[in-house]
Structure formats: C-alpha cells, structure tokens
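Asks: These protein sequences, in sequence, are chains A and B. Quick note, the first sequence lines up with residues 1 to 344 if you use the working numbering. Quick note, the second sequence lines up with residues 1 to 344 if you use the working numbering.
The hints are simulated quantities; they were obtained by calculation from the structure and are not laboratory data. Treat the hints with care, since some could be wrong.
Computed from the model, here is a short list of chain B residues facing chain A with C-beta under 10 angstroms [stated by the list, open to error]:
| # | residue |
| --- | --- |
| 1 | V8 |
| 2 | D44 |
| 3 | L53 |
| 4 | E55 |
| 5 | E56 |
| 6 | Q57 |
| 7 | R79 |
| 8 | E81 |
| 9 | L84 |
| 10 | L85 |
| 11 | R115 |
| 12 | G124 |
Chain B side only, calculated, beta carbon under 7 angstroms to chain A, not exhaustive [unchecked claim]:
| # | residue |
| --- | --- |
| 13 | F7 |
| 14 | R12 |
| 15 | A13 |
| 16 | L15 |
| 17 | L22 |
| 18 | G24 |
| 19 | T43 |
| 20 | A102 |
| 21 | S130 |
| 22 | V169 |
| 23 | A173 |
Just so you know, these numbers come straight off a predicted model, no measurement behind them. Every residue gets a Cβ at the ideal spot worked out from N, C-alpha and C, and that includes glycine.
There are 2 protein chains.
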Amino acid sequence: VRREDHFVEKLRALLPPSERVLVGPGDDAAVIAEGPGALVVTTDLMVESVDFLPEEQAEMIGRRALAINLSDLAAMGSRPEFFLLSIAFRRERGEEFPLAVARGALSRAEPFGARLVGGDLSSGSATVVSIALWGRAPGAPLTRSGARPGDLLFLSGWPGRAAAGLRLVRRLAAFASQGSPPTPRFVGLSPEEERELLDAHRDPEPRVALGLFLGQEGIAHAAIDVSDGLGVDAGRLARASGVRAVLERERIPVCRAVASFADVEAVDAVDWILAGGDDYELLFAAPPETAAKLESARPEWGTRVTRVGRVEEGSGAVLRGRHGDRDVSDLGYDHLERGTPNHE
Amino acid sequence: VRREDHFVEKLRALLPPSERVLVGPGDDAAVIAEGPGALVVTTDLMVESVDFLPEEQAEMIGRRALAINLSDLAAMGSRPEFFLLSIAFRRERGEEFPLAVARGALSRAEPFGARLVGGDLSSGSATVVSIALWGRAPGAPLTRSGARPGDLLFLSGWPGRAAAGLRLVRRLAAFASQGSPPTPRFVGLSPEEERELLDAHRDPEPRVALGLFLGQEGIAHAAIDVSDGLGVDAGRLARASGVRAVLERERIPVCRAVASFADVEAVDAVDWILAGGDDYELLFAAPPETAAKLESARPEWGTRVTRVGRVEEGSGAVLRGRHGDRDVSDLGYDHLERGTPNHE
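Given these sequences and hints, build the entire structure.
Replies: Following this line, the structure appears as structure tokens:
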C-alpha cells in the first residue's frame, strides 16, 4: 500500500459514520446524499515546483487545476456544476496573476457549464491553487469499487503523453540554457509531435463527455482517472473492487509521439505509461458485451477508447506479457514519497 | 476600495450570469440553488508564515482552519454539514503531520455535526491548508447586503483579543529568545488574561449557534464575520448594503485583557479592535426592536452580543466619538497589501 493510500486509510478510521456520506475519502470524489439524488464533490491542490514549474503561465495553471478536478468528476460519471478557486501567491506578482489563473480556470469550465461561485486569496511564498468542484451524477455515481472478474478494462486516449511532455519541457529548458539551436532538436520527433506531448502535459483534456456517457448508460462497473500512473491507478481500482487488474502489454496504446520520444530517451514506452501519471485518462471496467459500443468512439468523447486488459479474481495490478505477469501496482507517483519519476 | 475587494470586483466581471448562483463571490459564502432551498458554500486558505507561525502545532492549524470556515457559514445564518480538507506540507514532516491537522479540524467540526468527506495531499515548501465547507440555511441565507438605515449594529464577543493574542505570542517568543524569566512578564496582565488572549488567537470560537439563531429567527438584515478588522468589515457590510455603518466609540466592547495589554503596548485598544482582525466575531444589522432579545444572550451562543452602533444613509464605515466621525473602513488586514498590522 502506497503512503498516500495509507494516509487515506488512517484518515477514514478517524471519521464517524454518516448516513448521508455515500462515498467518503478514498475515491475520485465524495458522494453526498442531497435532495433527490446526490452531490459529487472533489478537490485538488496544485503546488508550485511539485505540480508545475515556477515559470508556468498563470492561465495554464488555472486551466490545469480545473482540468484535474473535472477529471475526478468524469471518473465518477458526473456532470460538473460549480467550483471554488483559492490561490496563494507572491504579492509582488500583483493582482493580475490570480486574475489570470481565474481566467484560465474559467476557460476550462465554460464548455461544461461549470460556474465559479467563490474562493479565497492569500499571499504566500509559492503559488498554490486549490479548487473544490461539485456536480451531480445523472445515473448512479461510478466508483472505483464495482469491477468484477470477467469484466474487461478500457482506457481512454493515449497514455504517457503527459509524462513525455514534462520530460520534453525539461530537455528543452536544458538545451536552451546551453544555448543550443532551437530546432530541430529530436531526431524522429516532428514539430507536431513535440506540440502534442507538450500540450498533453500543460493542458490535459479531462474526459468529461466520456465519463458522463459511462455514468448515464450505466455500462461501466468501476472507473478511476489515471492521474498518478496507469500501474498505481489500476492497482487502486483493483483494491477498491477486491479483484485483480490485468493489463495486457500488447494492448497498451502507444502513440507515435510517445514511442518516438521513448526511443530518444532510451526508455520503454510502456514502463513510462505505467509510471508516468498526469494523463487524466479514464480507466474503467465494463462487461465484455459492451466492448463494441466502447471501442467505436463517439466524436463528443474527443478521443478513442482502447481495451487494455481484463479483471480477474485475486488482487493487485499486473502487466501481462510474453514472459508472464509483473506486479505494476506500485509504479507511479506517490505524493508523499521522494524521487518519484516525473515530479522531482 | 481595498485591493482584495477590488480583485473580487474584477473577478465578478468575468463570470457569466447563472440562475442557480443566488450569491456569488464577494460575500462570506456562496449560495447555490440546490433542491428545495440552497447550499451555502465557503472556502478559506491558511498559509504558513501568513496566517500562522511555522512552529504552530498541526492540530491547532486544523482547528483554526475549520473555525474560520465555520465562521463564514455562521455569518450566512447557515448550518455546516460537510467539508473537504487539503494540505500541502514538507514531506519530511511525515504522515503524522497532515493526520494531526485533520484531527484538529475534526475536533472543531464534531460539535456541529460537520463531516469530512474528502480532500487532497501534496508535498510543498510550506504548509498550506485549504478547506471547503458547505451546509444549508434553515431560513433565508443572511448576506452582507440587507442593512437598512435605522438598523442597529450588533457585535458578538470581545473583539481585539485575537490581535492582542498574536502580539503576545510574538512578545513571548522575543522574551524567550533573550533568556528572560518566564513569569511574570506583563504588569497588569494575569495568567488567566494571558491565556484568554492566546486562546483567542490560536483557537478562535466560531459563532455558529448565534449565526444559526439569526438565520432561523430572521431578525438580522445583514451580517459579516469580522475576520480582517472591525473597521474594514463594517465598511464591507456598509458597501454591500449601500448604507453607512456608524460604530460608536464608547459602545465598542473592550475586555479587561485587551485593555490591559493595550496599556502595556501603549496603543489605543479601540484602534486595535478596528484594525485587528482574526476575531471571527459576527457583526450584524438588525432593527431596534430586536435589541432586547439580542442583548440578553443565550447560553448556547457562548458569548454576549453588544450593540455597537447604527446604520445610516450614506456610505463607508465611521467611528463616532466625542470629536466627530472618523473613516475606519480602511483599517484592517488586506491579503494583497504589505505591512498590515498583524500579519507581517
């Protein structure tokens, strides 16, 4: 069990039971009985030098902070409605800085009709952005805990792009500081592919429409957003459901840009995907008869869905390859550990 | 207009209208139409070295973070129900640190039945605690904007104690660093009075029961919690209501501990109260016929209520004394300005 999951377990032990708390700490969002139905509520902190570089543009920080919260609601099959935005920042940056963060968050919220209703400002020695977002699930809220043996595992989009993008940002910064010529920098990586990786890191696309589809249709048994790495997040889904998640190596979708940059960096693209994090794709379990429906992506999802594995009896998350199964449930970012792959 | 209020005005200009947002940014909490009635939602950040000293105990940080959010809901006449708690902290402090922050918040929440339902953890270079808290108003939510000429102004408790307590903390730290004997330190300040001031600063008591009484009875026209100083917060209530707030100097309640420590420090206790902040008392406007009911405090309020002034036509907040009126609407803490009284 990872340190942050261990923390959540200890925290849960402190909480008195409450009939109205349908899902408490430990899933992508909380679910609270409220009127006819339930509120689905999430919150995420973004911290300078941990989640973004000090030189990141304010609007991009705001867009990303909202996106990661939207992704949590998507993983619960829910429609975002309202959010709070709090910002700590160095006073010398002036009022324009938090306004630009807010503009970024608003630009991310607008397509989904989510409204900013309040927040707080404080000075501080580093930028910290905290968002709380809530909405409602049109169907039963989708949790991490309903996967059953026999289900298939599906994943949206092209994982690993965000981790590759972050590494590319660092490489470009290092080149720039050495006065290298700006282009071409990476053999085998086109300017479009560079852009694709950088965008995936800086401005990830939350899978709100796909999450709502899953929630409305009721076809997924369990879902999680892949924020810390496919390995650890598959392990979390497995643990919450009391099953084993089997990721099939040859099914993991690797886009050309990730494959090319993995070559440049001399790493295994699949390992990158397992440990990478920050992708904000949805991993979900659904019965085999839904596969055709899911693999024929709808335009409004904005991405494809790939079958990446299956749910079996047992525990943990494994990568199944030609040489057998490898435990991958500990690959990925732990917010309480040091020296994890993408967040030095 | 203060810089942080200016920020809120600029932010509001960015927000599209929404029928469900009954009160948006700029009051103590937001009010959102939700089911039969409305949700009342607030959030506050607490930042190390800004809102608390680096050596503050984790549990106390959690208690205070929850208290200031509870105070916002109290000022809206609302009952707290659920909260989210996010914590950024230095990893070397270990898991015990955020757990102690959570225990502190839970200990503050428990008497009011407010439940922790989620949150987020991150590493960071300084401690930042972010809470989002929501509940419902049993009556119509109380805002800052309903005060009318002819209303009286009332204030709970003994303002100025928190500001005095913070100064006392600093004095004690300075004495300790000089190797002075621990007691007696301040002529005219008993150990009980020292404790009273330190407690008011470290562990303020949100006026939840009083706020609920005001909300349920519908006798207050407007309310605000005094978080930044009686001067600036009276000015905010006046501005939101389109009236003038008149604080009568001889009515401002000055407890013995504040008076004694103000003597020691050679400051005017009333100026301290106007500019002090962090008191989390409720300032509210109510018609004259309610005065008897309000001034005969109920035990469950945990404090007294004092009539401190009146609402007149006009604008701004003034202190009315023997020598006329003095504008006090700019006295207090501005989170975007430097060198404000109690938050160096």
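Asks: With a cut-off of 7 angstroms, does the beta carbon of B:L22 approach a beta carbon of chain A closely enough for the hint to hold?
Replies: violated (10 angstroms)
Asks: Should the hint that B:R115 touches chain A count as held when the rule is a Cβ pair under 10 angstroms?
Replies: Because about 5 angstroms separates B:R115 from the closest Cβ in chain A, which is inside the 10 angstroms limit, the hint holds.
Asks: Given B:L53 as an interface hint, is its Cβ closer than 10 angstroms to any Cβ of chain A?
Replies: Violated. Min distance 14 angstroms.
Asks: Answer holds if the nearest beta-carbon of chain A is closer than 10 angstroms to that of B:Q57; otherwise answer violated.
Replies: The hint is violated - B:Q57 has no Cβ within 10 angstroms of chain A, the shortest such distance being about 17 angstroms.
Asks: Should the hint that B:G24 touches chain A count as held when the rule is a Cβ pair under 7 angstroms?
Replies: Cβ of B:G24 sits 6 angstroms from chain A, so the hint holds.
Asks: Have a go at the B:L85 hint: is there a Cβ in chain A nearer than 10 angstroms to its own Cβ?
Replies: holds (8 angstroms)
Asks: Report holds or violated for the interface hint on B:V169, using the least CB-CB distance to chain A and a cut-off of 7 angstroms.
Replies: For B:V169, the interface hint is violated, since the closest Cβ of chain A sits about 20 angstroms away, which is over 7 angstroms.
Asks: Would you settle whether the hint for B:L84 is holds or violated, based on the nearest Cβ-Cβ distance to chain A being less than 10 angstroms?
Replies: Interface hint status for B:L84: holds (4 angstroms vs cutoff 10 angstroms).
Asks: Can we keep the B:A13 interface hint, with Cβ of chain A closer than 7 angstroms?
Replies: For B:A13, the interface hint is violated, since the closest Cβ of chain A sits about 10 angstroms away, which is over 7 angstroms.
Asks: Grab the minimum C-beta distance from B:D44 to chain A and call the hint holds if it beats 10 angstroms, violated otherwise.
Replies: holds (5 angstroms)
Asks: Would the hint on B:E55 stand, with a C-beta cut-off of 10 angstroms toward chain A?
Replies: Cβ of B:E55 sits 16 angstroms from chain A, so the hint is violated.
Asks: The hint names B:A102 as touching chain A; please verify it with the least Cβ-Cβ distance against 7 angstroms.
Replies: holds (6 angstroms)
Taken one by one, the earlier hints fail for this structure at numbers 3, 4, 5, 6, 7, 14, 15, 17, 22, 23, listed in ascending order.
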